[in-house]
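Start from the sequences and build out the full structure, keeping to the hints where you can.
Numbering-wise (this note's numbering), the sequence shown opens with residue 61 and increments by one.
Source of the hints: derived by calculation from the structure; they are not laboratory data. Just so you know, even glycine gets a beta-carbon here, dropped at the ideal spot from N, CA and C. There may be inaccurate statements among the hints.
[Unchecked claim] Calculated lysine-lysine pairs in the DSS-like style (CA-CA distance at most 30 Å, straight line):
#1 287 with 255
#2 317 with 289
#3 287 with 317
#4 255 with 196
#5 289 with 255
[Unchecked claim] Listed next, with one range per pair, are the computed distances between beta-carbon atoms:
#6 371 with 209: 40 to 48 Å
#7 114 with 437: 53 to 61 Å
#8 136 with 364: 18 to 26 Å
#9 437 with 362: 25 to 33 Å
#10 112 with 283: 27 to 35 Å
#11 251 with 209: 22 to 30 Å
#12 67 with 136: 16 to 24 Å
#13 117 with 420: 46 to 54 Å
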Amino acid sequence: MAGGAPRFFVSHVSGVAVFDPAGDQVGRVRDLVVILRPGRRPPRLIGLVVELSTRRRIFLPMTRVTAVQSGQVITTGVLNVRRFEQRPTERLVFGELLDRRVTLVDGGEEVTVLDLSVHQLAARREWEIDRVFVRKGRKGGAFRRGKGETLTVEWSAVTGFSLEEHGQGAENLLATFEQLRPADLANVLHHLSPKRRAEVAAALDDDRLADVLEELPEDDQIEILGKLKEERAADVLEAMDPDDAADLLGELPEEDKERLLSLMQPGDAADMRRLMAYEEHTAGGLMTTEPIVLRPDATVADALARIREPDLSPAHAAQIYVCRPPEETPTGKYLGTVHFQRLLRDPPYTLVGSILDDDLQPLEPDAALPVVAGFFATYDMVAAPVVDEAGSLLGAVTVDDVLDHMLPDDWRETEFHLDEEVVPDGG
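This is the structure:
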């Protein structure tokens, strides 16, 4: 895959080995999971079905795939071994899409799908199926004799794959709202019936549901989480920002909370317990435990690479936190921050330890919400470090979390829209 965005044909990954970063094989690819879209829009590849040595088949999200190379798939090393269960909106490439009869838009001829081409969208971590390799000829006739013209066409050049535009199933509803921001989709879910809300939540993938849950009122969060299978509920909590997940866990009965924590990865569960130890309306209760932390000998180039990660919110990407090892929170000695604007002004080889902003006093974990809000207002901050008495960085508070806790409980009921009279007609 030299040059341009990464691309591969699905037939080339059938049965290939899956490795962790240390080079140890963890399983083999048995299928690919896609989500179809209305009309003729290319489907999104969301993950792989991987068969472990124990014969158990698990789901590996594409967000945890670092490379798809000749004869191998490389992962981040973080695998969830819960057995794969296909959801209503998902289609299996090998099981449902290959060998399928579809129709060419130009001419109306029926063809057979032999292979599909996947490419990664530029500047994003999303993958799409954009091309279809097909064979002309009637099934059972020329096709079975190995004859018939083959050609590669764009996904939009065939029909017979995409979702129907009508119908009221959760599948179609999700496709309709796919382009909505998490906050807007949360607003849609909030106004659905409980039954409908549960159907849509069950059909969302873990990362999307996690993003939406973070934007929902507390009652809706608890209701949706309670209707998920416990293993999946734990997965969704792991995918949420740690501070939001800790807030949600803190509202559950003690027995339910402990059961979900026991199903989570040990590191994630430890973060949750640490956050729940702080009062909700304090810096410790508001902070995330996953800020961008670098050692002082890291370079500006290293820092820019980290803040470019597409999954980071603007507030989390606003600055990096420089600390002595270990780099996981609680870190070694906190040294200071570097704002992204400073990173843009200095040469790539500059060490971040030489351009620190260490003038501002960091927040203490027990600082009350008014103190935190005053800090942000006084210094025009969008994120601030939280440091304990020993000088270790515990996490970072972002301005969105401060606002979320200062606004009225029903602020999500307010509809935000542009005044149509002031929206220009063009350009």
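Status of each hint after checking the structure:
Between the alpha carbons of residue 287 and residue 255 the distance comes to roughly 10 Å, so the proposed pair stays at or under 30 Å and holds. For a cut-off of 30 Å, the pair hint linking residue 317 to residue 289 stands: about 14 Å separates their Cα positions. Among the hinted pairs, residue 287 with residue 317 is consistent with the structure: their alpha-carbon atoms are about 15 Å apart, no more than 30 Å. Distance restraint check for residue 255 and residue 196: the Cα-Cα separation of roughly 45 Å exceeds the 30 Å cut-off, and the hinted pair is therefore not satisfied.
The hinted pair formed by residue 289 and residue 255 meets the criterion: a straight-line CA distance of about 16 Å does not exceed 30 Å. Checked against the given bound of 40 to 48 Å, the beta carbons of residue 371 and residue 209, roughly 43 Å apart, stay inside it. Range check, residue 114 to residue 437: about 55 Å between beta-carbon atoms, so the 53 to 61 Å window is met. Distance hint check: the CB atoms of residue 136 and residue 364 are about 21 Å apart, consistent with the given range 18 to 26 Å.
Separated by about 32 Å at the C-beta atoms, residue 437 and residue 362 satisfy the suggested range of 25 to 33 Å. Checked against the hint of 27 to 35 Å, the pair residue 112 and residue 283 passes, with Cβ atoms roughly 34 Å apart. At roughly 51 Å, the beta-carbon separation of residue 251 and residue 209 lies outside the given 22 to 30 Å, and the hint is violated. For residue 67 and residue 136, the Cβ-Cβ distance of about 21 Å falls inside the hinted range of 16 to 24 Å, so the restraint holds.
Residue 117 and residue 420 have their C-beta atoms about 50 Å apart, which keeps the hinted 46 to 54 Å range intact.
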